[in-house]
Amino acid sequence: MDPIYAIGDIHGQKQMLDHALALITADGGDDAKIVFLGDYTDRGPDSRAVINTLIAGRDAGRNWVFIKGNHDRLFTRFVREGREHDPRVKSGISWLNPRLGGTQTLASYGVVGTMHFEQQNDVPLETLAHFEGPDARGDKAALQDLARQAVPSIHLAFLEGLPLTHQTEDLIFVHAGLRMQLPLEWQDPEDLLWIREGFIDSAIDYGRLIVHGHTALDRPQHFGNRVDLDGGAGYGNPLIPAVFEGRECWLLTDQGRVPLRP
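Okay, so the sequence shown: first residue is 1 according to full-length UniProt numbering, each after it adds one.
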């Protein structure tokens, strides 16, 4: 049985990504199959370099599989449509708020500015009032225009074209999770990108082990029916890759494999 490797939410952490890839190469060689669980952008300092690395691997014919994350969609929707919000962000904060990380993503493309927000009493959404860049001040339309000029179209096309799941005989890879009582073909795409409630609190065994990210922990954990590989790299924690042989799981460290069990 060939091993399958997985990397959780990268969130613009290029140096961490390079280290994770080196650990995988040391364990499985250059041809190792790797599934990336989405959220390549936001919060960390170098989303652009992360995406460049993933595209370069794809174009080199590496055995890599990429899944779309909710932050990747937030990014592309702002550049394409100027959308700051998603209804699944219950706080109502803007994607441009550093807490979500859009400001950091744009900065990695050279679009640097201080964001100033406003919130109307009758609208529970934080919106960009204006931004102040090194050479200019502008509104959201001006910022979106700068983003359109700065972000390569190949980056947008790459993120927009990614699938929401990847399956093997023993595993289902997905960014956020799924409704445990529904077959995969009935799942809501929004849940695959965003779900927490109804998934992370479920003890149902789905038949295959679910490997996901999205819900940040201090380090990856195994919950019996699922493995959460979002160890909080977006908040500065290490990016720890995993390897699966059937449903058995190990984390990769500088000292080698460490079993990950419920």
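To be clear, the hints were calculated from the coordinates, so they are not data collected in a lab. Just so you know, these numbers come straight off a predicted model, no measurement behind them. Honestly, I wouldn't trust all of these hints.
Claimed, not checked - Listed next, with one range per pair, are the computed distances between beta-carbon atoms: (1) GLY29 to ASP86: 17 to 25 angstroms; (2) GLY224 to LEU182: 41 to 49 angstroms; (3) ALA26 to GLN181: 34 to 42 angstroms.
Stated by the list, open to error - The list that follows gives simulated cross-link-like pairs (lysine-lysine, DSS-like), each with its CA atoms no further than 30 angstroms apart: (4) LYS140 to LYS14; (5) LYS140 to LYS90; (6) LYS33 to LYS14; (7) LYS14 to LYS90.
Don't be surprised by glycine CBs; every beta carbon is placed ideally from N, CA and C.
Verification of the hints:
Separated by about 39 angstroms at the C-beta atoms, GLY29 and ASP86 break the suggested range of 17 to 25 angstroms. Our hint of 41 to 49 angstroms for GLY224 and LEU182 is violated, since their Cβ atoms are close to 19 angstroms apart. The hinted range of 34 to 42 angstroms is satisfied by ALA26 and GLN181, whose Cβ atoms lie roughly 40 angstroms apart. Only pairs whose Cα atoms come within 30 angstroms are accepted, and LYS140 paired with LYS14 is accepted, the gap being roughly 28 angstroms.
This hinted pair checks out: LYS140 and LYS90 have alpha carbons roughly 21 angstroms apart, not beyond 30 angstroms. Taking the CA atoms of LYS33 and LYS14, the gap is near 20 angstroms; set against the 30 angstroms cutoff, the hint holds. For the hint linking LYS14 to LYS90, the alpha-carbon distance of about 29 angstroms falls within 30 angstroms, and the restraint holds.
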